[in-house]
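Trainee: Between the sequences and the hints, there should be enough to build the whole structure, so can you do that?
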Amino acid sequence: LSTPHKQLTFSRAFMAAVGAVAAVAAGLLNGSWNLPTKPDAPRLVNAAMYWEWEQIWLVANVLIVVFNTFLVLGVVGASTLGDVYGGASVGELGSICAFSLLWGFGGVGYGQAIKRVGMALGTSIVMAQIVCIGTLLPLVLALEAGDMTTQEIVGSVAGVLLACAGFAMSSRAGLLRDAGGETATAASADVEGVMEVKSEVLVADVEPAAKGSSRSTFVESMAWCVAGGVLSSMLQFAFVFGGGLVDDAEEAGVSKEAAAMPVWMLCFLFNSVGHVGYASRLLTTNDTWRKFRSTTYRDWAHGSVMCALIAVAFTAHIHLYGLGAAKMGSSGAVFAWPLVMSSTVFTAQVWSLVLGEWASASWEARVANWASLGLLVAAVAVVALTAVL
Numbered sequence: 007l008s009t010p011h012k013q014l015t016f017s018r019a020f021m022a023a024v025g026a027v028a029a030v031a032a033g034l035l036n037g038s039w040n041l042p043t044k045p046d047a048p049r050l051v052n053a054a055m056y057w058e059w060e061q062i063w064l065v066a067n068v069l070i071v072v073f074n075t076f077l078v079l080g081v082v083g084a085s086t087l088g089d090v091y092g093g094a095s096v097g098e099l100g101s102i103c104a105f106s107l108l109w110g111f112g113g114v115g116y117g118q119a120i121k122r123v124g125m126a127l128g129t130s131i132v133m134a135q136i137v138c139i140g141t142l143l144p145l146v147l148a149l150e151a152g153d154m155t156t157q158e159i160v161g162s163v164a165g166v167l168l169a170c171a172g173f174a175m176s177s178r179a180g181l182l183r184d185a186g187g188e189t190a191t192a193a194s195a196d197v198e199g200v201m202e203v204k205s206e207v208l209v210a211d212v213e214p215a216a217k218g219s220s221r222s223t224f225v226e227s228m229a230w231c232v233a234g235g236v237l238s239s240m241l242q243f244a245f246v247f248g249g250g251l252v253d254d255a256e257e258a259g260v261s262k263e264a265a266a267m268p269v270w271m272l273c274f275l276f277n278s279v280g281h282v283g284y285a286s287r288l289l290t291t292n293d294t295w296r297k298f299r300s301t302t303y304r305d306w307a308h309g310s311v312m313c314a315l316i317a318v319a320f321t322a323h324i325h326l327y328g329l330g331a332a333k334m335g336s337s338g339a340v341f342a343w344p345l346v347m348s349s350t351v352f353t354a355q356v357w358s359l360v361l362g363e364w365a366s367a368s369w370e371a372r373v374a375n376w377a378s379l380g381l382l383v384a385a386v387a388v389v390a391l392t393a394v395l
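Note that the sequence shown covers residues 7 to 395 in the working numbering.
There are no misleading hints in this set.
Cβ pair distances, simulated, as ranges: (1) R49 <-> L359: 17 to 27 Å; (2) K262 <-> T156: 18 to 28 Å; (3) V225 <-> V356: 27 to 37 Å; (4) L79 <-> F20: 23 to 33 Å; (5) L50 <-> G93: 38 to 48 Å; (6) E257 <-> R296: 49 to 59 Å; (7) T290 <-> S85: 34 to 44 Å; (8) E256 <-> F76: 18 to 28 Å.
Quick caveat, the hints were computed from the structure, so don't treat them as lab data. The structure presented is a predicted model; accordingly, all values stated were derived computationally and were not measured. Where is the CB? At the ideal position from N, CA and C, for every residue including glycine.
Mentor: See the structure below:
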């Protein structure tokens, strides 16, 4: 190979490596941002000591929209943003908004799936759909465009299969742990912990699920599982179908790394509709609006700071995903999505260990949990190496 060609190859590999690191970092944030909502979180980062879940969720989601808006306006600029939206077709803008709205409601289906078939089985089914659907769409588009080699196709598919195996093993670990005689309190905490698995879950008021609910038929339960998985994958659809806005942003002078920001602006705004609406309903149903007034100024300050941390981490993980996909080239979304999802579940599992959720688990459950962590690490390694080499 000539020296210029070697330099070009090295440059591409380096950019892909940066993209992989950004995608993994996005997963680390995605698996951690929900920590302040957990009652057993360390006191320093615990907002649940003062506020109910729906209070935290409402404030955090309002701040998410505010922070993201200021970030996008600061990087892209109001004038450029207006030009990008003004030059987009109604179909493009409508697709992004519709997919983002569906993404926001995806957590409702996820929560119902967990309620009807159980945390372990529900998580396995839904997460497998999310990573498969979210990877399949850009993979098909990349294949049609001829942007992927045989090695990249095999590596991405192998990574997804390893990720699904990791999800299944983590579900088995959860079943074994629950079968070992955990208390109802621990089971309830476990259901809330599912929100660490993916940032869009709205299951705070979901009761600990029995394995197979008598209140629903098998078909209905599976329908909720499918709805949760499909709708929760809509963020990837919004990103992929928003490719025209990304191109327009680059033509308007926005850097490649920030060109997805006009898409994220719409995604965050319409995603908040489901979350804010759901939190507001819970505040009304549970009569917890009044707790905002009864909270002391000191507790208000601490709760607000925790919600701000949630908003920053959530906002950052989405933009890091976009950065990772951009750095990994034209087929970057194929690699970035499974990296983010696998890293998310891995991080959530690690936090569950740190918080002592496995302290009373059986030896078999712990082995299954460590096996799931190993499979998720393998999935990240395979996808990352495939993107870089």
